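Protein chains in written order, with the numbering used here: chain B, 1 to 275; chain Z, 1 to 146; chain U, 1 to 324; chain R, 1 to 663; chain H, 1 to 332.
Treat the hints as calculated values from the structure; they're not laboratory data. Keep in mind it's a predicted model, so treat the numbers as computed, not measured. There are no misleading hints in this set.
Using C-beta positions, here's what the derived DEER-type ranges look like:
1. H:P178 to B:R2: 35 to 43 Å
2. B:P88 to R:A54: 19 to 27 Å
3. R:R614 to B:A219: 17 to 25 Å
4. H:I83 to B:A38: 27 to 35 Å
5. U:E47 to R:Q221: 50 to 58 Å
6. B:A38 to R:R614: 42 to 50 Å
7. H:T130 to U:S200: 26 to 34 Å
8. R:R614 to U:E47: 26 to 34 Å
Using 30 Å as the maximum straight-line C-alpha spacing, the simulated DSBU-like pairs for lysine-lysine come out as follows:
9. H:K218 to B:K238
10. R:K570 to R:K199
11. U:K204 to H:K322
12. Z:K8 to R:K30
13. R:K440 to R:K184
14. Z:K117 to R:K527
15. R:K652 to B:K238
16. B:K75 to R:K57
17. Z:K117 to R:K502
18. B:K238 to H:K209
19. B:K34 to H:K68
20. H:K218 to U:K68
21. H:K68 to B:K35
22. R:K242 to R:K199
23. R:K171 to R:K502
24. U:K141 to H:K322
25. Z:K8 to R:K652
26. Z:K131 to R:K108
27. B:K238 to H:K68
28. R:K57 to H:K72
29. R:K282 to R:K208
30. B:K75 to R:K607
Okay, the calculated bits of chain R under chain U, using three or more residues with CB under 8 Å as the criterion:
31. 584 to 597
32. 617 to 631
33. 646 to 655
Cβ coordinates follow ideal geometry from the N, Cα and C atoms, glycine included.
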Amino acid sequence: MRTDPLIPMVAQVTHIRTDTPDVKTFRVVGPDGKKPFAHIPGQCAMLSMPGVGEALFSITSSPTNEEYLEFSIKKCGCVTSWIHAIEPGQQVTLRGPYGNGFPVDTDFAGKDLVFIAGGIGLAPLRSVINYVRHYRDRYGAVDIVYGARSKADLVDYEEILQEWCQEDGIRVHLTIDNAQPDWDGHVGFVPNYVKELGFDTGKTVVMCGPPVMIKFTLAGLEELGFRRDQVYTTFELKMKCALGKCGRCNIGDKYVCKDGPVFRLDQMTELPDEY
Amino acid sequence: MQMNQEFKPTIVAFCCNWCSYAGADLSGTNRLQYPANVKIIRIPCSCRLNPMFILRAFQRGADGVILCGCHPGDCHYTTGNYYARRRMTLLFSLLDYMGIERQRTRVEWVSAAEGAKFAATMNDFVDTITKLGPNRRLEDLRCKSE
Amino acid sequence: MQERVIEKAAQLLESGACARVLGWKTGEFFYDVTPAVFTSAQQVRQEMVFSPFCGANLSKYLIAESRKEGKVGVFLKPCDSFSFVQLQKEHRILRENVYAVGVQCQGMSDIEALKALGLRGITAVQAEEDRLTVSTLYGEKTVALEEALSLRCRSCKSRALHDCDELIGDQGRDLDTDRFGEVARLEAMSPEERFAFWRSQLSKCIRCNACRNVCPACSCEKCVFDDPNSGVQNKAAADPFEEDLFHIIRAFHVAGRCTDCGECTRVCPQHIPLHLLNRKLIKDMNALYGPYQAGSDFDSKPPMLTFTQEDPEASIITEGRGIQ
Amino acid sequence: MQRIGVFVCWCGSNIAATVDVVQVAQALAKEPGVVFATDYQYMCSQAGQDLIGAAIKEHGLTGVVICSCSPRMHETTFRKTCQKAGLNPYMVEIANIREHCSWIHKDKPTATEKAVILGRAAIAKVHLNAPLTAGTSPVTKRALVIGGGIAGIQTALDIADAGFPVDIVEKKPTIGGKMTQIDKTFPTLDCAACILTPKMVDVSQNEKIDIISYAQVEKVQGFVGNFSVTIRKKARYVDESKCTGCGLCTEKCPQKKVPNEFNLGLDTRRAIYIPFAQAVPKVATIDPDYCSMLKSGKCGVCAKVCAAGAIDYKQQDELITREYGAIVVATGFEPIGMDKFDEFAYAQSPDVVTSLELERLMNAAGPTGGTLLRPSDGTHPHTLVFVQCVGSRCDGGEKGKPYCSKICCMYTAKHAMLIRDKYPDTEVYVFYIDVRTPGKNFDEFYRRAVEEYGVHYIKGMVGKVTPQDGKLKVQASDLLGGRQLHIDADMVVLAAAIEPDKSARPLATMLTASMDTNDFFTEAHPKLRPVESPTAGIFLSGACQGPKDIPETVAQAGAAASKVIGLLSKDALTCNPCTAQPDELKCNGCSSCENVCPYGAISYIDKPFRGPNRTTLIRRVAQVNPAVCQGCGACTVACPSGAMDLQGFSNKQIMAEVDAICR
Amino acid sequence: MKKWELSRLQELFEAIAAQEPLYIPTDVSGQPTFALWQPGMALTRELNTVRSAKDLFFPQVEELVKFKVEGKKIQVLDPQVQIRDQVVFGVRACDARSFDILDSVFLAEPADTYYRDRRAHTTVMTLACTHPEESCFCTSLGIDPQAPGGDVSCWIEGEALYLNANTPKGQALLSRLPLDEGEKPEADRSVFDRLPLKDLDLTRFGEKKLLDWFHSPKWGELSQSCLGCGTCTFVCPTCQCYDIRDFDTGHGVQRFRCWDSCMYSDFTMMAHGTNRPTQLERFRQRFMHKLVYYPADHGGQVGCVGCGRCLRKCPISMNIVKVARALGEEEV
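Next comes chain B alone, as it looks inside the complex:
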């Protein structure tokens, strides 16, 4: 059997959790029933169904999870629609991990962290958040700002309530776009909420969400006095090889799949804004 980075392994979906009407979280193990490979928070993997297609997803489980990988996937295209229709026991193919991941053991070490996520943007951050929770003593205070269109669209809501909110030193700030009857939390868009919360400018920000959210949140953070080199984000572009060869995710002299998907925002100012 030829071995090539483009040839995937077979993996199995063992558990499927429905998070929101269009997001499900899939638990994946290797053919031996064990975790397929180790990864760094923020890295991605290529999942595929032969005949349907291959797509890149960020790994949402923490590296500290020794049993399986998790992927939170929003239904939007061909591959994701297929994945949303499968049942536990379904095999898929998997290759990875890809990308640089977050600098959890370097830049983030000892820092106060602010995680800002919108919608499915929580998926790549969940891996870091749980990693940070696991090595709690290595990091300072943690704030999590998370917003979605409605309460039903909050991904990992149970985990947020049951675990994150219960932990000392972690402050969770949830918000939804519009008021609804069974919601007594904050209402409003994430960028405004961030400004309202007004974080200390010594903190390091990790951000992921739709482009509009990133754009306005960044503006808000700069208003608060944050520098771009304090803000990290992760990108999603069309990818085929994830090895920096097929050319799709090329922006400027960078390949998002290999040089990213995590970028510090000051690095991005040198790049064409084709993301």
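We have chain B; now place chains Z, U, R and H onto it with these hints.
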């Protein structure tokens, strides 16, 4: 396909719902035999047949493709088969021009009452294709069974 | 001619009659002329060109250009004007936003024709009367203009300009060239020979889509071959079948709409005579359903969108009786 | 990914005898997406349907494949079954393993293999099915009956009786049809006019019925429940509302030499005429081919004598467009022309007549006042020869028709009997191939003709009739006697085959109703839906669907009426959801689809679309009216970009079937 | 240096082909292309092939892996790609340089094994140019068309073919061939000085900031008539973008890669849109990549080898030379 095996062509018959599919039903009701190589796909009208479907069938391993529809003038939708007739005539002519065996494609008008004609047509078509041998000029090697 | 075209373009822009003008722009050499949108008279006078190498059919650009703000001027050669009419017939061009200037044409030259004469390293061409003086890295040579004529212009169907607001040069007439001779020659071959011919030609295809993207009839918002939902999307011919499929379906999709402008063959980097597929369909349609020239008028119904009760049966092909 | 259930029907032994149903179910269970597969003796039975319903619920099925008989048979049944179980009815696909498999193959392994492949194709298709919801369209509560013969009359009366307005379009100046020309009816021998004319009067007096006579259907648009029909009412040059039917004009008109079509040209009428005394509407009509006023502007006698001032030489054809919910075709029949039957000397001798002409010659209102006289010399005929099956049951069908005209045997028996009854001095010979008398009291009637009335029935065909010395030399064979016969007859009566009225073919095209090769309208189902055309909303009444005698015609007319009443009593109809749908993002707006749509279901709108970089592009895109679209799919192939697709038969669905079959 | 009589070229081919499959540029259906040599097959008289020599290592379509899917189970099957030793003759200096550029992409870790194996198994015999086309501009990229490189450099001078091994692989090949010794006479290089594009400078795009080039107003004008076809990409020796697609054969799934073009509208299309929505962005991407991005990442090496194929084949005659000139004007 092994050499020592008798060649059993794969035939796709597109039948319009109103005449030819009913004709095929009648042929069944009357227990008129024709080879099992013929598989029928029901389409509402002969004018639903996209040339793409014919090429697709050849790609996927069909050795012959036949379109059956209502007789001209009898189309359930009045005019469908007239369009089908033009389309198929031109498509077949183009395929012939490209050197694809012209006998691999056929159009036959079969009414709901012509169960016997349906069976006879299929017998003849299967016979023609069997003599012609496997489709080699419009095949996709990837789709051939190992 | 060149002066009149440039002057007209400049005038259209200067007078404000047009916001932009579609024409051809000089290149690095004399022959690599690029279609371009000019927005100022100054730009026109500096960069615009109208030479025997302005073969590109500009009509397809009007699909997008006629939808932009302001009026667009365009220069159309006779064969381009057929496409212009055909595209209007298909509601693709907003005529009220177009000012069409017909340019009479005596046939366009083609660098490939010069190369076919064995000329290499061609650095300049001087046109005078009916001769071309070709300078190459390896010396100079004079050839008759006719020898440099583009392949498609050798079997030109018509020099009549259709639906133009203004003409530069005289109105031309339909020509009686042997347009279908090559098709007939292929038809006369045995099926095996035809199959070998088309295989040898289509196997050269690299699926660059130049033929499709240049074709005024292939102006779909989304081509079925690019559409992941069509079920036939493909990007490269992974099998000889897919080479055939693309060209058969393309020929079929433009049947009755193809004006025989010959752009497909002109742009094919592999010199596949793609026009022979389209011409076959045109020849058949003419023979079976009566003469029809796409883009020659606004009223006639394309043969694939109409019928008569007396149309011949497909069996004329499948039983080998042939098209009379 | 669908969750598909596969249900393989045995159809008793119809399928199970040739197809290993268990093996089919097992093989299909392995297909992707199949979560349940089973077989059962009769899937269409209540128990079978319950089984399907239970499986849908238990396994959460999103798609169902039934391997059974033709979808033309039970597709609707199974759709309803699934709908009851909460599944969208369009998530069902049928693999036809009976008509297309078990019934045509003998070898069990072969048939089983094919059944599996057909099942796979259905599974592949159902994977791509999408739930469809049928829309509704309103029903115009008015019916149109085309043809005012006994069939049309009966249908109209029955529909009107149920309270729905009806229009009858009749191409002749009067309703009544062929029955008005008939003298007596078999087997009761009662007078045709006596039973028909009261019905005609009923029609004219019924407030719900509007007779549009001397008119023809010109254009039909729309679809079931919503037809729009344009009727050309020909100018009769007489104001119908003013004409009292007094008939004075028809007596005063100087043009007397017009062949009288009512009497089949056996006598003449005037250029202005009322076809017969009991005509409905009883209104005069000017024959423009003969009227000198209309032809040369000279005359005007009728206008002068008309006290009501009803004559209007300037009258124009009138186009009436009306909306209808249902259309009944009752265009009836005509005897075939005799021009191809030279051997019977029809053209040479006036004494060779068709049976319908004989009806007129025996009718009290006919040209001879009911006395049977030879047309040539007005003498009393002594020897009559009846020739049966003239143009009926002709093999090859070049000269005549391949079918049996059904009514000839009985009316010939009637004619023979009446003649022998009235003129016992005559000898009557009937040459026949077979005498066919199925029907209540029919055979008794025929036997009476032979036994009581002494009609000579001879099995055999007449070879030649030669007019000679005022006689008709009839050369015939007696098959049972094995001899040649030579009869000197005074009259020869030809039982001409009947064929559909000539107006039927163009009408069928307008109605998009199908016809058989003989131009009889095709019924939706020969046994189960005999009075409906396959085209929804078009119903068949009388001989336009096939040869019929009067009682059958009346029965069918009533049946058609009841179907129409059933339709018109609905307030809205469910549309076929398998209609074409354009993907606006791919639509070029090129009008190819519109050009090929037979229903005019496609229109275009200019619509704004989001372009790149926050721009807005206005594009012309196609729109399909789902109530008008009938789902033929012509547009889907005409569309070069594949923007137009057909729901229920989408490109991808059909290609999936192709893939599955060719695998 | 080795020598072979030109008149006996077929014999040389025969000798090579007897050992390993040999590819030479020849005319197939009228078009010069690299094809497997068969007895009697002659070298094309054209300067260069329509498609570049990259096909030999990076074919337009290539099967990567097979899958078998049954129920919920997936099996990964070996594509059984057979890569054997082979020789390619007649590669021009420009194409030979393109291999370096392709190597920098495909051999970068993690290496593409399909490409790597083909490279490793191929002995490249280059052929020096003597009769350039007007569209040639390799010299302006520092390529010497008379010193074409590869494993073996070849020259045709007079009636002889001269061969010189540059690598051990090349030496091994030449040692297996019955070649004569000989010294190549000095070639006439004057024609290269007459090349119209000899003064073109494509290497100075590193001088300015990447974003300055990116935001040049020239892009709109340059891209306005681009048809968005893939001709330039597909004939380009250095374009290496690819797509990975699955094909369901009915018996299994073939995963293959095929050339793709950044000029295509669906290149970066995702379910919710594309980051290069118009032809301007796509057009810019292609030329920016060759002139700016690639050099920025590869020590100034330009992603173009000056073969001139795009000049000859673009349907609307837009090409890298015109782009560079236009951007250059901007700079001034």
